[in-house]
Every structure is written in structure tokens, then in C-alpha cells.
Amino acid sequence: LPYFFSVIIIGKIVYLMTQTQNGILNQIRDIFGLLPIAWDQEPKYWVPIIVTTFLWRSVGYSSIIYLATIIGIDENLFEAASIDGAGKMRQIFSITLPMLVPMIITLCLLSIGRMFYGDFELIYAIVGDNSNVIPTTDILETYIFRMTRSGTGIMAYGMLTAIGLVQSALGFIMIFGSNSLVKWYNRDYALF
Numbered sequence: 015l016p017y018f019f020s021v022i023i024i025g026k027i028v029y030l031m032t033q034t035q036n037g038i039l040n041q042i043r044d045i046f047g048l049l050p051i052a053w054d055q056e057p058k059y060w061v062p063i064i065v066t067t068f069l070w071r072s073v074g075y076s077s078i079i080y081l082a083t084i085i086g087i088d089e090n091l092f093e094a095a096s097i098d099g100a101g102k103m104r105q106i107f108s109i110t111l112p113m114l115v116p117m118i119i120t121l122c123l124l125s126i127g128r129m130f131y132g133d134f135e136l137i138y139a140i141v142g143d144n145s146n147v148i149p150t151t152d153i154l155e156t157y158i159f160r161m162t163r164s165g166t167g168i169m170a171y172g173m174l175t176a177i178g179l180v181q182s183a184l185g186f187i188m189i190f191g192s193n194s195l196v197k198w199y200n201r202d203y204a205l206f
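Adding 14 to a residue's 1-based position in the sequence shown gives its number in our numbering.
Simulated from the structure, these hints should not be mistaken for lab results.
Errors might be hidden in some of the hints.
Here are the in silico distance ranges between beta carbons for each label pair [as the list claims (entries may be wrong)]:
| id | residue 1 | residue 2 | range |
| --- | --- | --- | --- |
| 1 | 44 | 163 | 35 to 41 Å |
| 2 | 89 | 206 | 27 to 33 Å |
| 3 | 56 | 170 | 28 to 34 Å |
| 4 | 73 | 145 | 27 to 33 Å |
Using N, Cα and C, we set each Cβ at its ideal position, and we do this for glycine too.
Let the hints inform the model, and build the full structure from the sequences given.
And the structure:
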């Protein structure tokens with residue numbers, strides 16, 4: 015479900031959890047007798063917060079894709095394996111995982127292309143313009159956005175465009191190289 019939420023809603027949820035005075039995390043700390051943390055002042059907490067938020071947002075969607083692939087596996091294969099005496103673990107390793115390999119490879123190839131891009135919307139919705147945590151949460155996209163908004167990026171549009179071009183070129187090279195490796199492994203699993 016979180017995958018279908020707007021990143022603004024996710025940013026608001028994280029904000030409500032990390033408020034210094036009334037945040038849920040500090041209320042939980044208070045129950046255990048711990049002092050509250052000024053989350054928005056401490057850069058060291060934000061990498062785990064962003065990684066946890068990203069995982070919370072994306073794991074459900076990925077599990078739906080894998081579950082749909084598992085549902086699409088022919089039931090006769092499991093019945094035949096059961097008749098041959100295969101237990102559940104043997105069916106998982108002999109039928110389910112091999113049938114998931116094409117989907118795993120496809121999702122990995124699609125993710126490799128986005129390797130040089132950060133999740134700008136999520137990070138900016140969570141962090142915003144909080145200069146206290148920029149040293150640990152700044153990614154290339156938020157840097158470009160800040161430079162463009164501050165006016166210093168207007169004079170450097172060439173450099174900012176070059177950064178985007180390099181990101182795209184490196185992503186293309188990575189996808190092309192990874193797809194070549196997949197073709198070497200099994201031609202049927204390659205994207206192109």
C-alpha cells in the first residue's frame with residue numbers, strides 16, 4: 015500500500031514520526047524513559063530513516079510482483095513434484111525459484127538502469143530544505159534542484175545538463191553491459 019501513497023503523504027508520515035516534541039518515535043522513547051532526540055538537527059539519523067522509508071515504500075510492491083509470478087506457475091508442476099515425493103522445501107528450490115529467475119533478472123536489469131539516480135521525490139518530501147541534514151541526505155538530484163532554485167544553477171545550466179547526460183549515459187552502459195551478461199547466461203531472459 016505505501017507504494018501507491020504520494021511521496022508527500024510519506025514525507026508527512028515521516029515528519030509526524032520524527033517531530034522533536036510530539037513525534038511518535040520520541041513518544042516511544044519517552045515510554046522507555048529515554049530523552050527525546052532532535053531528529054531534524056542530527057544528520058546521523060537520516061540515512062537509516064531514508065533507507066527504512068524507501069524499503070517500507072517499495073517492498074510491498076516488489077512482493078506483489080513476485081507473488082503474481084508465483085501464482086502464474088502451473089499448479090501441475092507442484093502436484094507432480096508432490097506425487098514424486100518432494101516436500102515443500104524441495105518444491106521451492108526445484109520449481110518456485112527456477113520459475114522466478116526470469117522475473118528476478120528482469121527486475122534487476124530495470125533497477126540497474128536507475129542505479130545512478132536517487133529517489134529525488136522521496137528524499138525531498140522527507141528532508142525538504144533542512145540544511146542541518148543536507149550533508150548526509152544530499153544526492154545529485156537534490157543538489158541540482160538546490161542550485162537551480164538558488165540562482166547559482168541558472169548560470170551553470172550547461173554543467174547541470176552535462177551531469178544529467180552523464181547519468182543517462184552511465185545508466186545505458188550499465189543496462190547494455192548487464193543485458194549482455196544475461197544473454198551470455200540465457201538468451202531468453204535478456205531484455206533486448
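Do the hints match the structure? See the list:
A hinted range of 35 to 41 Å holds for the C-beta pair residue 44 and residue 163, which are about 37 Å apart. Between residue 89 and residue 206 the CB atoms are about 32 Å apart, so this pair conforms to the stated range of 27 to 33 Å. Under the hint 28 to 34 Å, the C-beta atoms of residue 56 and residue 170, about 31 Å apart, fit the expected range. Residue 73 and residue 145 have their C-beta atoms about 31 Å apart, which keeps the hinted 27 to 33 Å range intact.
The structure meets every hint from the earlier list without exception.
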